[in-house]
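Peer 1: Chains H and S supply the protein sequences, listed in that same order. Numbering-wise (the numbering used here), the first sequence opens with residue 1 and increments by one. Numbering-wise (the numbering used here), the second sequence opens with residue 50 and increments by one.
None of these hints come from the bench; they were simulated from the model. Mixed in with the good hints, there may be bad ones.
Ranges of calculated distance between the beta carbons of each label pair, as one might list FRET restraints [to be verified]:
id, chain 1, residue 1, chain 2, residue 2, range
1, H, 34, S, 284, 31 to 41 Å
2, S, 293, H, 20, 26 to 36 Å
3, S, 161, H, 39, 53 to 63 Å
4, S, 394, H, 41, 35 to 45 Å
5, H, 23, S, 289, 25 to 35 Å
6, S, 331, H, 20, 16 to 26 Å
7, H, 42, S, 172, 52 to 62 Å
8, H, 34, S, 344, 17 to 27 Å
9, H, 11, S, 336, 24 to 34 Å
Idealized CB from N, CA, C, for every residue including glycine.
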Amino acid sequence: MNTLFFTLQDFMVHTKGITYLIMGGLLVALPLFWWFLTDRDDENETWRQ
Amino acid sequence: MTDNGGQNVRKLWTPFNVIVGIILAAGAVLTVMRFTQGIGAVTNLDNNNPWGLWIGFDLLCGVALAAGGYVTSAACYIFGLKRYHSAVRPAILTAFLGYALVVLALHYDVGRPWRLPYPIFVSQGTSSLLFEVGLCVFLYLTVLFIEFTPAAFEWLGFKKIRALVVKLTLILTIFGVVLSTLHQSSLGALFMIAPSKLHPLWYSSYLPVYFFISSMFAGMSMVIFESTLAHRYLSRHMDDTHHQEAPGVALGFAKAAAFVMAGYLGIKLIGIAIDDHWRLLATGWGVWYLVEVIGFVAFPAFLFAMGVRERNLIFVRWAAAWTVLGIVLNRLNISVIAFNYHLPSHERYIPSLMEIGTSVFIVTLGIVIYRFITTRMPVLHEHPDYSTHSPGQERT
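Please model the complete structure; the sequences and the hints are all you need to start from.
Peer 2: Structure representation (structure tokens):
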């Protein structure tokens, strides 16, 4: 991760590139997490105290 | 008569009352010291560290954890989730007391309490974030007070004025959400003035967003945490509706908190990426940062999710308490621990025992007032004359 940057352009391209990849990952991960949270919603209406 | 008197004396000398009495007495002494001998007599603050525990804990944590007020009232009155209705009044009360104690704690830090109205009414610093925070806290405290008054009016039997305030519920809720959005984020923005002092892992141009989003799950966790304590210690003051709705409130808020926490983790990741701070994660400060983010956000988010999936309230309650601790850790990291991180150890700020004592005093004061109100006013139960189960009645 110790990339050497010579210009602000280099830095922005690098960091924005990583950020877009993370955004793509989040677009997949967050709906999956929502599915994980809600897929048992209708199974039962009881709870453990 | 004598027996009754003896019983009353025994009731007074409970462990809770004795401990609270000692704390309040010590707090009174510290208060006198603070306001007669100055801030230097009771704190370790200096020119390098003008903000310490009273700002980091009492103010930042107090405001974040009081967010349950706007979160719960927005869920119930704006999003129409009426199944959370029984949680609104305790959440509003906690928020009102939280903000009131924030203002009280600010007096200890700022001093000269008679000048409190100056920034709002006499000399407005309109270019300052602190002015915006001060104005929002002033307005939101007023909103919370009005939102809570129906409970007091029911207790006092003031039916007409209570009916008038109930009609304002929706507009007050909207005001509450707007004002909270403004000042929760501005508290984070305050630290953007110090890029050279705050450690780069915590410093980010997204600080206002972090503060606002974390306030949402802080508020939800605090509602669950407070409900857990109320069920344990104030159960006899709750009605059947409150008892029946509590598990649903806990599971619903746990689900929302888990998802918001996942989003928060996502934008924290983006914050690291956009500033290219990956290499800092391999340092000692990086490990501490990961403890905060993984140990006190990712872990409780997963615990919330497991609690929701398994419908396990034990998981949910532990996750809520853990999240509350995590919020305290985050705010202390930003304002105290990772602040001035570059200073040599002998110049670092460590709060004095008297500062810690004052904070404990203020929290205890909040607990005592909460207990006083909930054991008298219809907060954890519905007043029989205004029950939502009676036709034509609306409760706020």
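Peer 1: Does the Cβ pair residue 23(H), residue 289(S) satisfy 25 to 35 Å?
Peer 2: For residue 23(H) and residue 289(S) the Cβ distance comes to about 47 Å; the hint is violated.
Peer 1: Is 31 to 41 Å right for how far apart the beta carbons of residue 34(H) and residue 284(S) are?
Peer 2: holds (34 Å)
Peer 1: Residue 34(H) and residue 344(S), beta-carbon distance inside 17 to 27 Å?
Peer 2: Since residue 34(H) and residue 344(S) have Cβ atoms about 23 Å apart, the given range 17 to 27 Å holds.
Peer 1: I want to verify a distance hint. Is the separation of the beta carbons of residue 331(S) and residue 20(H) within 16 to 26 Å?
Peer 2: holds (24 Å)
Peer 1: Does the hinted range 35 to 45 Å hold for residue 394(S) and residue 41(H) at CB?
Peer 2: Roughly 52 Å apart at Cβ, these two residues miss the hinted range, so it is violated.
Peer 1: Do residue 293(S) and residue 20(H) keep their Cβ atoms within the hinted range of 26 to 36 Å?
Peer 2: violated (47 Å)
Peer 1: So the hint says 53 to 63 Å: do the beta-carbon atoms of residue 161(S) and residue 39(H) match that?
Peer 2: At 57 Å between Cβs, range holds.
Peer 1: Do residue 11(H) and residue 336(S) keep their Cβ atoms within the hinted range of 24 to 34 Å?
Peer 2: With Cβ atoms ~26 Å apart, the hint holds.
Peer 1: Given the hint of 52 to 62 Å, is the C-beta distance from residue 42(H) to residue 172(S) inside that range or not?
Peer 2: Because 59 Å falls inside the window, the suggested range holds.
Figure legend: structure checked against the earlier numbered hints; hints not met, in rising order: 2, 4, 5.
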